[in-house]
Structure formats: structure tokens, C-alpha cells
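Residue numbers (our numbering), protein chains in the order written: chain A, 1 to 534; chain B, 1001 to 1280.
Everything labelled a hint here was simulated from the structure, so no lab data went into it.
There's no promise every hint is true.
[What the hints assert, rightly or not] Taking beta-carbon pairs under 7 Å as the criterion, some of the chain A residues facing chain B (in silico):
1) F236
2) L240
3) L297
4) A372
5) V375
6) D504
7) K511
[What the hints assert, rightly or not] Straight line, CA to CA, 25 Å or less: simulated BS3-like cross-link-like pairs of lysine-lysine:
8) K511(A) with K1049(B)
9) K69(A) with K1156(B)
10) K461(A) with K1217(B)
11) K1217(B) with K486(A)
12) K1143(B) with K1178(B)
13) K532(A) with K486(A)
[What the hints assert, rightly or not] To list a few chain A residues with every Cβ distance to chain B over 12 Å, as calculated:
14) L19
15) F173
16) T298
17) M303
18) R368
19) L373
20) G387
21) R404
22) L420
23) F428
24) L464
25) R472
26) G522
Beta carbons: idealized from backbone N, C-alpha and C, even for Gly.
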Amino acid sequence: MNARRQVLLLGLLAFSAALVTLPSIGTTDDDAYYQPAGHSYVRWVKSLVSEPAHALSRTQIDAHFHHNKEHPPFAKWLIGGGRWLGHEVLGVMSASEASRLGICAMLALAAMVAFAFTLSRVGALPAWFAALSLLLYPRFAFHGRVPTLDMTVAATTSAFLLCFWHLHRKPGFKPLALMGVIFGFALASKLNAPFALIGCGLYWMVEQLSKTRKDGRGLTLPPIPLWMLAVPAVGFALHLALWPHMWIDTFARYGSYVSFHTKHYPIYLFFEGQIWERPFAPWYAPFAYTWATLPTLTLFAGMVGLGGLLSRSGTQNEDGRFARFLLIHLFVSIGVVAFSPVPKYGGVKLFLPFFPLFAVAVGLGFARLLEALRVVGGPQLQKVWVGPFFALLMLSSGGLDTARFYGHELSSFGQHVGGLPGAVQRGFERQYYDVFDASLAAWISEHTAAKASIHFEPNHKEYLRSAPFMIRRGLLREDVKLSASKRADIVILTHERRWRSFSDLAVELAKRPLLHEHRVDGVVLWSAYGRKVP
Amino acid sequence: MSRRIDQGLMLGLGLACLSAAFGECSRRPTIVSAEAWQQAAQQLKPLIKPGDLLLLNNAGSSQGMEQLRAFGLQPRVALPEPRGRIRRLWLLGTRADVPAGLVPLARQHDTLFTLPKGLTLSLWARPQGEVLWSAKNELYSAKIRAKGASCTQAHKGGWRCAHLADWMHVAPTGLQVKNSHKSCLWAHPPAGDKPLIIRFDAVPSGELIFEHGLSDKAAASSNKHPVRVELAWQHGGVKLQAGNSDGWKKSQHQVAGFLEIKVSARKDGQRHHCFKASIR
């Protein structure tokens, strides 16, 4: 099978797997922002088709694009587009479920990019390994099935980097335009996209410095390449074109968008057994989360791959250039969260663009390990089946984690930290994002009386917003009422320790009869309490 | 050399597989019988003093909770916040390793009595003189009011009074006082001789160390009216003031229950007032 067909097959498989497993994925506290925004954007397009002049009026643009105007639009276009296609046109799924279609496509795109990058370096088997290890990283796969911005920016920035790697040295207008367009989609996905271009600039600088050093010319400023001007210009233009909110009072609105993110409000993170708000969690928190949450053998293959990249990074051939390119982008994608004064929260979601690139290192590491296995194992291990068999063995830790944390992906931790129980002892958050998960909805639907009132602690307000989506997805009974009062029939305590009130709430609620504890990997994720017996 | 590297990689892979296998085994919860938990509870109960806390150390599992409660104990599944409330902490559970986040508690005893198999117990206590509570760390829970309205707008790690001028906020800052840098909480008195009220509903009992003063810039201004500070706590209180020539003042008080800090000045111009409060 040729490379193009393999990439398409991988994309199709990844998208189908994401689609089939959608009902197991809960509703995050971001759904209530992005789903209505996406729906509103698509409604505007419909009105643009039927009444263009009316749709292009300032009032109509503002009416449709004021939703979630603090974030760029591309992921919301995908969310709205998925809803339109899956729910309105095909009618095969609920609106809320269909809103995830575009994001599932982004998950498939991210896997395809990891595949394509690896394929060009070490061949088909490591490329499949890279892509599958990415899909079998439970947290990454989770973000690829929820209607939020993170997977979109991860997929589009990695796609831009792939495109940049192959095209930035090619002459002509087309490569520049293509790079610019893909960068535009990344820029229109989330605020961390520009850092991919900064990484490209760093790479170019490193290459120029090593070239001038080699030539014995000392430090000289080389001519600025055309891509450095064209890519941001085309990208920025597309970013604005995709965002009608910015068509009006462009300077003022763009200024307030940037200013919103430079003064981001603090969000709690439970890390090392402490609650971090301000000061933000320490710089190494993103690295620690990456280390702790990746499946063990995936992490090991990745470390071998990184070692190989580091050892080649000093050479002046294509391998050396690729090593420098990947290492710089790996560092930039995680370093931008680790080393900048921004709140670090949400496990790995803020630096999701790191993982498709890390998957490439995983693929390279796998290729190196297979080579070593064949050398050490001698002639018996030269057979064709050894490679795929070894790949399956190496994918087993990701497979085990995916099965164990199915439906609770944000609680996944690798075997090397002792899974979720080991992570709890090490002071990591056992779950986050206030996910109204499918198991919780199923328990409520099956075990509560008609018209039962439910109250959530410690953060009721997020469940209040996500419950209607769970009802529309058919996962939560319609008659269930969410109550702001603790005097509700059922109180659900989600064990999210970043809330300062959690410990006292657990003591207070223990006075009520415990109806159920939901455990994953032996760890309680939520407890349900009934009414106090008079 | 290359063969050595290959062998090293295979060794590394073997270790990674072992680590995964060990992780698989260690994550399995140790199941301890209800009788064992009851026995532990019975032995532990007479040792627990009023104010002591008991933390279940089961790596997220709640086993034993019911049996401990049946003996009148109140086990917790997480450390309470603010952690200044923790004077002595008993750690009981199936895990031998200590959960992260116990800093600055120090281990006191391990084996006070023979525990049933599968359970471990240790006693932790806060070293003498440790800070139990600080206004800076607990500012998130403070109720702040000025000129008849609450100040609830998040601002630089503190709170701003959205209905008043921008400088009406309580937040961490740094000021020069008598040419020395002070990291403290900005608490400027409002105009019109009205008080800025900062209230902490629950503080641990102990010695309050209150420090405050005016910035050098404020001290050099023409406004000679001192900033008045009234501290109130359960069954007690004190009136303090910081004038232009006072520099950085420090006082100690025995407090309990709650802590309320009222900051006012007859004239509010250039009253760059800042304070630090901690309880030991």
C-alpha cells in the first residue's frame, strides 16, 4: 500500500474509533461555551446564504459572534459544522454528540501528521507505531472527542509544522501560500499557535548560525527568507477572515482579545499535594504531568527517540536538520506553558501540541529499539513477524491504560507511577475539568427516584451547565432536577481536590447515607449521598 | 560500541517492562479485613487528642472509613484547607508510603502499638513556631468591604473594590518603608473616613503577628493623618495606627475564632498602607 493510502486508512480508522467511542465521553465544563458558539456561527452562515446583506450587517455579525469572542473561531466552526452535518443534515446523532465530529477529525489529523512525519524518516511500521501510540494515550484521545479548542490547535499546528518542514526550502508561490493557509487555521484555533512559528524562526536561526560558523564567516545576518514574511501575513489574513467578529472595529477588538489572554485569571491545579492558584504551579509541572500520564512503554520509546534526536542534532545532514527542527518544536510547545507566567492547569491540555511531535520521537525510538532487538537477538529475530509483534508488545501499555481508563481518560496515569493510586499518593489531581461523565449520568438515571433533585459538590455550577447536554445526548434521565441546595435528594461529591472546600465537604457529607462510590483503578472518583435519615 | 548501545537499549527496555509490571502489582489495593480496621480504630481512639486530625492513607480508596467512623473517629480523605488548622495528624491506611503535600509537618512516631497486618500508622506534627496561617495565603477566602459594598473582583492575587477607584484593592504588593523593601498586602483606607473591612471567618488559635506601615512616599506627603487599624477577633480586639514617622510597626496578640481588620483614615490622600498578618 502506498504512503498516501496508508495515511488515509489511518485517518479513517482513527476517526471511526473516535466516533464509535463518543458515547463513553462525558461533557466538560467547556461544552456549554463552545457548542452554542459553534451553532451560532453556522446559523450565521445559513443567513449569509439566504440574506447576505442582512447577515453582513454589524448587528447580525455581533449577534452571532458575541458567543465566546475571547477565543478564535476555527474549532467552533468545526463544532458547529459537525452539529449541522451529523444532527441537522444526516440526523444520525444528537446535536451534542454531532458537535464532536469535527474534533474527532482533528484527532485523526493529528495521528496522520505523526504518521507522515515518522514515515518520511524511518518507514511504515514505526510510523504506524507513532500514530497508534498517540491514539492510545488516553488523555490525548479524550481531548480528541470533546468539543473544545485544544485538539484543533494540536492538529493544526502539527500539520503546519509538517508542511513547513517539507516546503520551507522550496521555491515558488505555492509552498508559501500553502504554509500560510495552514498556519492561518492554526492561528484561528487557539492563542498558542503563533509559538509554532516562533519555533520555526528559532530553527532558521540555528541553521543560519551553524552555516555561517561552518563557512568561517563569523556571525552575520543572513537575508530574511520570504516565508518569514509570507506565512504570518497569509496566516493572519485567513485568521481574520475566519472570524467575522474581528471584521468590525478590528484594532480595538483584536487588542481586547490579546489583552484578555495576557491577564488570564488563575485556575486551580492540584499538584504535589498542594493547591496552586497564584503563584501558578512550578515550571516543571507540565513535564511532571507528561512523565506521569504517558503509558510506560510509550514514554520509554519516546525517551529513546529523544536520545537519538539529541545525538544527531550536531550533524549537518538532513537527519541533523530534522533532529534540530523536532527538538526545538518539542521544547517550544511545552516550554511556552512551563516557562511563561501563565496559570498551569488541566493536566496536559494546555500543551497538547507537544504530543503529536512527541509521537514522532516515539516512532523514531521504536525504530531504534527494533534495530537493537534484531542486533542483540541475532538471526532468529530477523523474521518479518518480529516487527509487528514487537510493536504490539510496545503498544500494550497504552492499550491497557486505554481499556482501564475507558470513560475516565482524564484520570489516567502510567504504570511507572503505579497508575491512579500511585498518582494520588504523589499528589496529582485524580480528575479535572468537572467532567459530567457517562458513568455518573448512568448511575443517576438508574438509581434515583422520579424527579429526584441532585446537588453536586464542590463545584455545582459546572454540572448545572453540562446536565442539559447529557440529557440531550440521551445519557441522563430528563426528569432529573439539579438543585443548588445541599438539601437535595442526592448529593454527588466529585473527588476533585483542587477545591479548597473538598476535605470539609467530605466530612460534612459523611453524615448522610453513602449510596454509591464510583471507583476507577481502585480510587474513588465520586461518591453519592442520600438524604439524611431523620 | 554500537553493540554496547544496543545491549543498553535492550536492558533499558527490560527495566521499563519491569517498572510497568511492578506498577501493575503495586496499584492493586491491599484489602484489609473489617476486623483489622476495627482493631486499629480501637487502639488509636484513646491516643487521639482534641484538635488532632486523622487522614486515611489508602491512595484514594475509602476502605476502613466505615469501621473508623463506627468508633467515633472522623477520618478525612484529604488534608483540610487552610492547612494551618493541622496541628497533629495521624496517618492510617494500607499504604506504607507517605502522601505528597505533608510539608511542613514533621514525622513524630511510627509504631505506637502493633497494628493488624496490612495497615500502617504514623503521627505527624507541626514544628513549634511554624506559621499556621497567613493573611496572604488566605486572602482568597477573605470577605472584603469598603464604602458599603463588597470587593469581589479578582485583582493581582487579591480583590478589588470594583465600585471604587482602582487603588481600592487588597492584594500582595511590595513597598519601600524606611528604605527597606516590604512584601505585604496593600490596604489603602477609603475616602471620607470610611473603613476598609477585611474579614477572615475562621483562623486558628495562636499568636497573631501583625505588621504594618506607610510607604516612604506616603510618609513624605503632606497628609499627616495616621492610618487607623482596628483588629478584632473572638472575645478580643486592639486599636493600632500607622503615622508618617512610625515606619514599620509590629505587634503580637493572642487570637482565636475570626479575624477582622478595619483600616481607616480621617483623610485618605497618599495613605499607602500595607500590612502582614500571620498566626503561629
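Hints, one by one, checked against the model:
no.: 1; hint: F236; in the structure: violated (31 Å)
no.: 2; hint: L240; in the structure: violated (31 Å)
no.: 3; hint: L297; in the structure: holds (6 Å)
no.: 4; hint: A372; in the structure: holds (4 Å)
no.: 5; hint: V375; in the structure: holds (5 Å)
no.: 6; hint: D504; in the structure: holds (6 Å)
no.: 7; hint: K511; in the structure: violated (10 Å)
no.: 8; hint: K511(A) with K1049(B); in the structure: holds (22 Å)
no.: 9; hint: K69(A) with K1156(B); in the structure: holds (24 Å)
no.: 10; hint: K461(A) with K1217(B); in the structure: violated (45 Å)
no.: 11; hint: K1217(B) with K486(A); in the structure: violated (50 Å)
no.: 12; hint: K1143(B) with K1178(B); in the structure: violated (31 Å)
no.: 13; hint: K532(A) with K486(A); in the structure: holds (11 Å)
no.: 14; hint: L19; in the structure: holds (30 Å)
no.: 15; hint: F173; in the structure: holds (45 Å)
no.: 16; hint: T298; in the structure: violated (10 Å)
no.: 17; hint: M303; in the structure: violated (8 Å)
no.: 18; hint: R368; in the structure: violated (7 Å)
no.: 19; hint: L373; in the structure: violated (7 Å)
no.: 20; hint: G387; in the structure: holds (15 Å)
no.: 21; hint: R404; in the structure: violated (9 Å)
no.: 22; hint: L420; in the structure: violated (7 Å)
no.: 23; hint: F428; in the structure: violated (8 Å)
no.: 24; hint: L464; in the structure: holds (20 Å)
no.: 25; hint: R472; in the structure: holds (32 Å)
no.: 26; hint: G522; in the structure: violated (4 Å)
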